[in-house]
Amino acid sequence: MLEPLLCDLSVPGRVGFRFPEPDVPLAEIPENLVRQNLPLPELYEVDVVRHFTRLSQLNHSIDTGFYPLGSCTMKYNPKLNEETARLPGFAHLHPMQPIETVQGSLALMYELQEWLKEIGGFAGVTLQPAAGAQGELTGILLIRAYFEARGETQRVKILVPDSAHGTNPATSAMSGMHVIELKSDDRGNVDLQALKAECDETLAGLMLTNPNTLGLFDENVEEVIRMVHEAGGLVYGDGANMNALLGIVRPGDLGFDVLHYNLHKTFSTPHGGGGPGSGPVGVAAHLVDFLPAPVVTILEAGDEGMELPPLYGLESPPKSIGRVKSFHGHFGMMVRAYTYMRVYGKEGLRKVSEYAVLNANYLLARLRAHYHVPYDRVCMHEFVAEGRWPDAPDIHALDISKRLMDYGFHPPTNYFPLIVHESLMIEPTETESKQVLDEFAEAMIKIASEAHSEPELLKNAPQITPVGRLDEVKAAKELVLCCAVGAYNR
Amino acid sequence: MYLPHTDAERKAMLATIGAERLEDLFQDVPAKYRFPELNLPQALTEMEAMGELQDLAWANESTHDLICFLGAGAYNHYIPAAVDAILRRGEFLTAYTPYQPEISQGTLRAIFDYQSLITSLTGMDVSNASHYDGATAAAEAISLAYANFRGKRTKVILSPNLHPHYRQTIHTYNHGSPLEITGEQLDISAGPEALIPMIDENTALVIVQYPDFFGRIYDYTALVEAAHAMGALVSIAVNPLALGMLKTPGEFGADIVTGEGQPLGIPLSFGGPYLGIFATRLEYVRKMAGRLVGETVDNRGQRAYVLTLTAREQHIRREKATSNICTNQGLIALASAVYLSLLGKYGLRQVSEICYHKAHYAAQQITKLKGFELWNQAPFYHEFVVRCPETVKDINAYLLEYGILGGYDLGQAYPQLENHMLLTVTEMNSREEIDLLVETLAEVSNA
Ligand SMILES: Cc1ncc(COP(=O)(O)O)c(C=O)c1O
Chain R
1 MLEPLLCDLS VPGRVGFRFP EPDVPLAEIP ENLVRQNLPL PELYEVDVVR HFTRLSQLNH
61 SIDTGFYPLG SCTMKYNPKL NEETARLPGF AHLHPMQPIE TVQGSLALMY ELQEWLKEIG
121 GFAGVTLQPA AGAQGELTGI LLIRAYFEAR GETQRVKILV PDSAHGTNPA TSAMSGMHVI
181 ELKSDDRGNV DLQALKAECD ETLAGLMLTN PNTLGLFDEN VEEVIRMVHE AGGLVYGDGA
241 NMNALLGIVR PGDLGFDVLH YNLHKTFSTP HGGGGPGSGP VGVAAHLVDF LPAPVVTILE
301 AGDEGMELPP LYGLESPPKS IGRVKSFHGH FGMMVRAYTY MRVYGKEGLR KVSEYAVLNA
361 NYLLARLRAH YHVPYDRVCM HEFVAEGRWP DAPDIHALDI SKRLMDYGFH PPTNYFPLIV
421 HESLMIEPTE TESKQVLDEF AEAMIKIASE AHSEPELLKN APQITPVGRL DEVKAAKELV
481 LCCAVGAYNR
Chain D
1001 MYLPHTDAER KAMLATIGAE RLEDLFQDVP AKYRFPELNL PQALTEMEAM GELQDLAWAN
1061 ESTHDLICFL GAGAYNHYIP AAVDAILRRG EFLTAYTPYQ PEISQGTLRA IFDYQSLITS
1121 LTGMDVSNAS HYDGATAAAE AISLAYANFR GKRTKVILSP NLHPHYRQTI HTYNHGSPLE
1181 ITGEQLDISA GPEALIPMID ENTALVIVQY PDFFGRIYDY TALVEAAHAM GALVSIAVNP
1241 LALGMLKTPG EFGADIVTGE GQPLGIPLSF GGPYLGIFAT RLEYVRKMAG RLVGETVDNR
1301 GQRAYVLTLT AREQHIRREK ATSNICTNQG LIALASAVYL SLLGKYGLRQ VSEICYHKAH
1361 YAAQQITKLK GFELWNQAPF YHEFVVRCPE TVKDINAYLL EYGILGGYDL GQAYPQLENH
1421 MLLTVTEMNS REEIDLLVET LAEVSNA
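Just so you know, the sequences run in chain order R and D. Residue 490, in this note's numbering, is where the first sequence stops; the numbers in between run on with no holes. Residue 1447, in this note's numbering, is where the second sequence stops; the numbers in between run on with no holes.
Keep in mind that the hints were calculated from the coordinates and are not lab data. Since we're looking at a predicted model, the values are computed, not measured. Just to be clear, a hint being listed does not mean it is correct.
Derived lysine-lysine pairs resembling BS3-like cross-links, with alpha carbons at most 27 Å apart [unchecked claim]:
no.	chain 1	residue 1	chain 2	residue 2
1	D	1152	R	157
2	R	434	D	1247
3	R	117	R	351
For each label pair, taking beta carbons as the anchor points, the in silico distance ranges come out as [what the hints assert, rightly or not]:
no.	chain 1	residue 1	chain 2	residue 2	range
4	D	1402	R	54	29 to 35 Å
5	R	65	D	1190	38 to 44 Å
6	D	1197	R	196	27 to 33 Å
7	R	389	D	1176	45 to 51 Å
8	R	477	D	1016	46 to 52 Å
9	D	1023	R	186	50 to 56 Å
10	R	311	D	1004	39 to 45 Å
Every residue gets a Cβ at the ideal spot worked out from N, C-alpha and C, and that includes glycine.
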């Protein structure tokens, strides 16, 4: 039997943790404000540790195997980063302490801002956004504030390529902008004709992912950006794919006005089963004054001769859009990203991208003869193949993905980008060795042959996993979203 | 280090690709911008990097070095050893969103446990798998309410006693939206009744905090009834640790519960990552943002778990999604689930009450001092406001000399509360520490 839920394990009367008895006189508690029943589990520490440890064993993870989930950059998460983020001077620091007591953290944040500026080619960076999608929201709000300040409030249109991630249109809509979908051309680039047709005085901006979600560097990127700028719009970069660009090209040099980074992709902070992320945003000079508050600045310059460090502090930019969350962002993720960048250094970071691109092109080269790759040219850090064959009509990308589990691999991203039928989006990352890539390629090739010779192997997959395919319709129809009330204390 | 490629392997791989050099793979990048020289530091070994990071961490004075009476939305609590032991498991730490349920039952079941714990704690029907933090969760409550009335109700009432960061975030999120956000101009010393006359038939949502930003605890039943009488919804932003002893928002009839989950076993970490709690009634589940795990069966007849109601989310609905949220706070939600299951029914009530008693002891002692006065009129939880005889800045500077991290300077966010300090006491503060605070404050009051 699979590990049950907490509510199945609870035993009335069992106690898991005790605090010291209060060393102060007890105060009167207002009875009318007190809850009668606290229906939480009754377990002891061994129950809890075994429960969650056993649960963990039901997961596939980077630490246990290859995880080529496209667009998510599932690279190895260095253990050192986990140690540095837990140093007591970082982990037990209150966000509202006087700045004199938090100079180490502010220095780290300041340096991280500087490095991200340098890598992206930007004039300013905010570390506040919690994840990529919140970085997008911040970026679109910045664009909006910029046009408001210029009195160009008719600029309400945001162009989003049809290959874009779902967060791009969702973000634009959430910011009160009009979303216009832009089609891609047959080489996977932004369609210049379609773009031209939208370049008018209502254009606020374009959200461009480059390399795009096909893993392709837009061959006309300079032209695309020039067209948007000439129409008076700004260009937002979805930096989810920055793992292809470290030391390769700086988006700011290409003309991007604003871009979000994902520390949880490019800079190796762990994905944690769904988060936390961290989505800093870089901006060109004309947007710096609008950045969310606060940003880290130097309040008083240091003196190197006297070995006096600068005094760091927090500041609100003059036309700030405000804050996008509590406090200063996901500081713990910043420590990890800082550590990562420190270990790689400038040459190392370029290698990260070079090897990410090498690994993707190697897999592409090995799989091209077995899977149709609709936009087939030199890719960047990932590529998208089709999970279907005309002579195996019943097989879908999903079947291939499920069969991959039987070979011990996490599947690629399925059904995204939407412009490829039955898409399999494959991002190996730079931290995988040739041996792993070869094993994966062999499995993929074998599956392509099984799809034709023994399709039921795919249809019945996965077999070796803790559970088989799930009834997703039942989950949505019958909606069981938590244990019943009181289930812990029966 | 973290790159495995040998020279021989690189050459072999390039040969398979049909390229000569790594550089050849970047022909699509405009040549004039290709391979910029980056002004970044040189690489360090692990030992050197650890040394540098240690130096930075030592340059801080943390709540382990100081005696902490600072709270205001982020709290210094004890974290049982087992919590981090679980978080460090690579199978949780290095997985991502459980899109493939067959190889993600660990994460899915842990989220289902989390959802169950949060609904039990708040008295609500459903909880999502997390938001970014307390501020963004409060902002997403507005989106739910707005969608619920299909944009036909355009007024949102914010209690002025809602955390200033939450209110600021709400304003950022709603800049230029058709919503009228009001209520913050009200008298901060008034109770929730003061909000009632503002509620009308155009009101979509009323947002209050529990305990409020000043630590006060109110019974919100009358407020909820008044809102419901007008057809409006009520969202309550909670401190989940306080719910270890306090009546649930569910008992008040709240429609939405949001909150900052940080007190549940999450380190202060200079402000994040924390945990946005979001729970609601079943009838609003389809308007709710964020991931949701549901129970089902697999094709072998086993009970199994899967992400469900995904048609609300950005990857399916794109510009029509309930929110743009994608990555959430998965690992932090797991931390809170481990914390809540370890403390459980007895431990959570115990720690919750200890905070209450210690805070009341501190308040009682401080208000005996000349020049210090308790501002709170209503019952309070583990935070309270004292009017001080001098500026909070000066007092805090003085306290810091004695290794004490004083309270939050309320004048920063509330001009009418100049010289008022918000003090927080938790189970981490011993009686000796509280007495030391009081003695040191006495020196201020005698000076
Ligand atoms: C291309 C792209 N854009 C945006 C996002 C959203 O980022 P996050 O999940 O950090 O919010 C993702 C994440 O998966 C992505 O792949």
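Any hints from earlier that this structure breaks? Give me their numbers in increasing order, please. 2, 4, 5, 6, 9
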